[in-house]
Structure formats: structure tokens, C-alpha cells
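Numbers given in the working numbering equal positions in the sequence shown, counted from 1, plus 5.
For the record, the hints were derived by calculation from the structure and aren't laboratory data.
Since the model is a prediction, treat every value here as computed from it, not as a measurement.
Where is the CB? At the ideal position from N, CA and C, for every residue including glycine.
Among these hints, one or two may not hold up.
[Unchecked claim] Lysine-lysine pairs mimicking DSBU-like chemistry, simulated, CA-CA at most 30 Å apart: (1) K200 with K172; (2) K271 with K98; (3) K102 with K271; (4) K250 with K129; (5) K271 with K125; (6) K73 with K210; (7) K172 with K102; (8) K86 with K73; (9) K129 with K200; (10) K86 with K102; (11) K293 with K151; (12) K176 with K206; (13) K98 with K250; (14) K86 with K200.
[To be verified] Here are the simulated distance ranges between beta carbons: (15) P237 with P150: 47 to 57 Å; (16) P150 with F236: 14 to 24 Å; (17) E225 with I156: 33 to 43 Å; (18) F179 with R83: 16 to 26 Å.
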Amino acid sequence: MLKSTQDPQNKEIQDSSKERPKDPKHACVAEIPNTTKTKEKLSLQQKGFGKNQMSESDDKAAQSKANKQRNVANTALRSAKRDYYANKFTNNKQNPKYAWRTINDILGRNRKQTTINEIKLPGKTVTSTDELVDIFNDHFSNIGPKLAESILNDNDVSFRDFITQQKSKTKNSFSFRPVSVSLVYTLLVNLSTTKATGMDKISAKIRQVAAPVIAPSLTEIFNMSIDSDQFPSDWKAARVIPLFKKGQRSMLDNYRPISILPVVSKLMERIMYDQMYEYLNQNNLFSKHQFGFRPYHSTTTTLLDCTNEWYIPTWTVGCIT
């Protein structure tokens, strides 16, 4: 479901590519710890320049002293900024999102909220908020089917055939297991509080604080869902936001969708994912070419696998290029 982010008096669709609040100019400097040494050097800088500004004579000694004090203060600031950002990257090396946020702060890429005022279609330009919502909704809902149609399947092995072949390799069957209160509580307290809220408008922070109280009730709901093979419809409703990629902002293809599901839906997905992944991994049911979304697998292992495939035939004929 795509909904417009709009004010009752001023309807407009917001482009979330610029949704993060603008950081104050040079915010990084404000966050740098004000050590005593840095303060002293800054104080020296101010005194030196003050003295220099009051004197209109060509006193070279005073000028030289002021320049040295300025250089000392600038060196201290650069060192403090370097240490600050080094700590930022060290703390976020496992989190690319925050690493890139730090890079953008360094480069001064301020993010401003941008309104989507119009979309150009063949033969017309759409500016009405209601029409824009419908257009984006139709466009995003058809991306998947259109992409699937464009993928050529050279072999005649379908995904269902692959699963059937893999199942024949193991005698272990799979079914979802009930979950415990302690597991649900752990998932709640480990929720990321920086994520946007879904259609229910209940943030992860609220659920995190209320974890001791709501964990038993959520556990019962999750287990009822597993026992009945039913996933609540409300948990499937997402707040879809158009994210601008590049090019002209009036072109529909230059936006991609971001679906923000309710937090409770993500918890249920995590429970089901963990159980299913455990089964597939323990029974060696993953394809040997599955590198995405698996521990110890990455683009690096993909390239290594490809180079091995390319080199083996050349070794056979005694020719390596």
C-alpha cells in the first residue's frame, strides 16, 4: 500500500531520499570532545589574533607569533576531527549504513527533504497528489512481475524442480516450531531504534521499553500464527515511500520503493527466517551458487568461484591466460 506523506492543508508526496533531517553545518566539530589541550590552543589562537588585530604597525614578531598560534590551534582541531572520525568508522565497520552517513557528513552532503511535485507520463504531466499516489502504487506493484518476465531461463529447471531434487537428499522434514517468551523478549530488546515506523505508527523504541510486559502476549500471538499457518493481514500492510535514485525527478523510473513494515511483522519474519535457514543449512539444501544473505559468503567468494570455473578448462588444455 502506498500512502502519501501529506499535510491536511498542503497535500504533497515526499521523496524519502532526502528524508533524514539536515545536520547543522559543521556538526562534527561540535561533537568532537573539547579536551583541555584543544581549548588552551584555541584560546592562544584568539589571544594571538586579537593582539595582532589591535596593532596596526608592521611588527613582524607579533605577526609571526600570531601565525604560529593559529597553526597550533588548527593542528589540534584537525587531530581531534581525525580521531573523532576514526572512532566513528571503527565503531561502525560492521554497519555500512552508518559508515556511509559518516562519509556524507565529512563530504558535507546535506540532506534536504524534497517534495515530488510532478511526474511526466507519455502525453501528460501529473501533479495531483491522489493521482501521483495511484501512479506510484501501480508502478511499484508491477516492478516484480516485469522483472521476472525479462529474466531468460536457459535451462528448463524450475525452482520447484530444484527444491524437489534437494529434498530427495535428506529424510528430515521441516515444520515451524513454537517460540519461547525468552526468545521474543531477546528480539524485542535488540530491536534497532533508528528504523522508521510502519502503518501502526508504533516505534521500535516503545516496544523495546515495553518488552517485559508485551513479550508473553506477543509470544502467544506468534505461536497461534504458526499453529494456524496464518500470517495476520495487518502485518503485511507496508508504508511505501518512493526513493529517488538519479536522473530527472519527474521520471517515474528514477524512483525505487522502500516498504516499511510494522515492527511486529519484522519480529515474526525473523523467527521464521531463523528456523528455515537453520533447516536449509544443516541439511545442505542451499545451492552451491547461493552467495547472497549467507554468513561467510559475499561478492568476494562469488568472484573466487567464478575465477576457479574459468581457470579449470584452461588448465586442462595446458593454457592459462
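Okay, the hints, checked on the actual structure:
The hinted pair formed by K200 and K172 fails the criterion: a straight-line CA distance of about 37 Å is larger than 30 Å. With a CA separation close to 24 Å, the supplied pair K271 and K98 stays within the 30 Å bound. About 19 Å separates the Cα atoms of K102 and K271, which keeps this hinted pair within 30 Å; it holds. Taking the CA atoms of K250 and K129, the gap is about 22 Å. The hint holds against a cut of 30 Å.
With a CA separation close to 35 Å, the supplied pair K271 and K125 exceeds the 30 Å bound. Between K73 and K210 the alpha-carbon distance is near 50 Å, which puts this suggested pair outside the 30 Å criterion. As the CA atoms of K172 and K102 are separated by approximately 37 Å, the hinted pair breaks the 30 Å bound. With a CA separation close to 20 Å, the supplied pair K86 and K73 stays within the 30 Å bound.
Taken as a hint, the K129 and K200 pair is broken in the structure, with Cα atoms around 37 Å apart against an allowance of 30 Å. Proposed proximity of K86 and K102 is supported: the alpha carbons are some 20 Å apart, at most 30 Å. A C-alpha spacing of about 27 Å is found between K293 and K151, which places the hinted pair at or below 30 Å, so the restraint holds. A threshold of 30 Å between alpha carbons decides the hint, and for K176 with K206 the separation of about 44 Å lies outside it, so the pair is violated.
About 25 Å separates the Cα atoms of K98 and K250, which keeps this hinted pair within 30 Å; it holds. The straight-line distance between the Cα atoms of K86 and K200 is roughly 28 Å, inside the 30 Å bound, and the hint therefore holds. The supplied range of 47 to 57 Å is broken by P237 and P150, whose beta-carbon atoms lie about 25 Å from each other. For P150 and F236, the hinted distance range of 14 to 24 Å is satisfied, since their beta carbons lie about 21 Å from each other.
Between E225 and I156 the C-beta distance comes to about 42 Å, which sits within the given range of 33 to 43 Å. Distance hint check for F179 and R83: the Cβ-Cβ separation is about 57 Å, which falls outside the suggested range of 16 to 26 Å.
Violated hints, listed in ascending order, are 1, 5, 6, 7, 9, 12, 15 and 18; each of the other numbered hints is respected by the structure.
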